[in-house]
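Protein chains in written order, with UniProt numbering: chain A, 1 to 145; chain B, 1 to 145.
Incorrect hints may appear among the rest.
Some but not every residue of chain A turned toward chain B, in silico, with C-beta under 7 Å [as the list claims (entries may be wrong)]:
no., residue
1, Met-53
2, Pro-80
3, Thr-85
4, Leu-87
5, Tyr-89
6, Glu-111
7, Gly-113
8, Val-114
9, Val-117
10, Pro-136
11, Trp-139
Anything over 10 Å on all C-beta distances counts as not near chain B; from chain A, calculated [to be verified]:
no., residue
12, Gln-3
13, Leu-16
14, Arg-41
15, Phe-56
16, Arg-61
17, Ala-64
18, Tyr-67
19, Pro-92
20, Val-95
21, Arg-122
Keep in mind the hints are simulated off the structure, nothing from the lab.
Model, not experiment: these values are computed from the prediction.
For glycine and all other residues, C-beta sits at the position ideal for the given N, C-alpha and C.
There are 2 protein chains.
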Amino acid sequence: MDQYLKIAIEEAKKGLSEGGIPIGSVIVYKDEILGKGHNRRVQNESVILHGEMDAFENAGRQPASVYKECVLYTTLSPCPMCTGTILLYGIPKVVIGENSTFLGSESHLKENGVEVVVLNNRECIEMMQNFISAKPELWNEDIGN
Amino acid sequence: MDQYLKIAIEEAKKGLSEGGIPIGSVIVYKDEILGKGHNRRVQNESVILHGEMDAFENAGRQPASVYKECVLYTTLSPCPMCTGTILLYGIPKVVIGENSTFLGSESHLKENGVEVVVLNNRECIEMMQNFISAKPELWNEDIGN
Chain A
1 MDQYLKIAIE EAKKGLSEGG IPIGSVIVYK DEILGKGHNR RVQNESVILH
51 GEMDAFENAG RQPASVYKEC VLYTTLSPCP MCTGTILLYG IPKVVIGENS
101 TFLGSESHLK ENGVEVVVLN NRECIEMMQN FISAKPELWN EDIGN
Chain B
1 MDQYLKIAIE EAKKGLSEGG IPIGSVIVYK DEILGKGHNR RVQNESVILH
51 GEMDAFENAG RQPASVYKEC VLYTTLSPCP MCTGTILLYG IPKVVIGENS
101 TFLGSESHLK ENGVEVVVLN NRECIEMMQN FISAKPELWN EDIGN
């Protein structure tokens, strides 16, 4: 498996072990991890700390020249908020663990020139299927439903 | 002036007095302020706490039924990240102080059925013009340039 997706999955599992939503993300710059994170809706009572947003925050303030050479890994297809953040900072490539339990704004990413790779990783799919079955209300809250 | 835009401007000024970027936002539900906030890039070393994001965070975890009856006020046209967050939570109406110093993703909001009102308020314009002249690097960083 891709080493960075593996780290994103570890982040997702950390979130689950904290009682949270199991979605993790890693931002990689020239084969170095700039930031990683996981969804913190439950843990921080946050409506903006999706996994990708937490990774951006943990990556810190970076110049545009750095963002433009990054790859963002996420265990799940990015929602409109995370998509907008990817576009704001000009991240050129996004690697997605799976998009079968939730299809985010991938078409909007592609329309704006972002390379999108979907791995449809079995571990990511099972993790989200199990979570959505166990806590559907929490999941719906997280995607604004 | 619209009373809520006035409060968004007060938030922006608070940000400026803290050494930050002067953009403020208010989320209103049935004529009641649910949350307000301002850009915290400098204050919190945050790359995700734009004014609108800070207002969402301060509004707390709300059910979809509440978001769907909210109006978001912001002193400046919303960037792709804040636009995505507005779409994620299904905010139906956005009132924008001005879009002459920066034009955000208003077309994307409209394409997705959001009502967009642009006031082109003179105080908002002058506040951003002065800030951009004084700290162009910080401003460019905030919009991913």
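Structure-based check of all given hints:
no.: 1; hint: Met-53; verdict: 5 Å, holds
no.: 2; hint: Pro-80; verdict: 4 Å, holds
no.: 3; hint: Thr-85; verdict: 4 Å, holds
no.: 4; hint: Leu-87; verdict: 4 Å, holds
no.: 5; hint: Tyr-89; verdict: 5 Å, holds
no.: 6; hint: Glu-111; verdict: 10 Å, violated
no.: 7; hint: Gly-113; verdict: 13 Å, violated
no.: 8; hint: Val-114; verdict: 11 Å, violated
no.: 9; hint: Val-117; verdict: 20 Å, violated
no.: 10; hint: Pro-136; verdict: 13 Å, violated
no.: 11; hint: Trp-139; verdict: 12 Å, violated
no.: 12; hint: Gln-3; verdict: 25 Å, holds
no.: 13; hint: Leu-16; verdict: 19 Å, holds
no.: 14; hint: Arg-41; verdict: 7 Å, violated
no.: 15; hint: Phe-56; verdict: 5 Å, violated
no.: 16; hint: Arg-61; verdict: 6 Å, violated
no.: 17; hint: Ala-64; verdict: 6 Å, violated
no.: 18; hint: Tyr-67; verdict: 7 Å, violated
no.: 19; hint: Pro-92; verdict: 12 Å, holds
no.: 20; hint: Val-95; verdict: 19 Å, holds
no.: 21; hint: Arg-122; verdict: 27 Å, holds
In this structure, the hints that do not hold are numbers 6, 7, 8, 9, 10, 11, 14, 15, 16, 17 and 18, in rising order.
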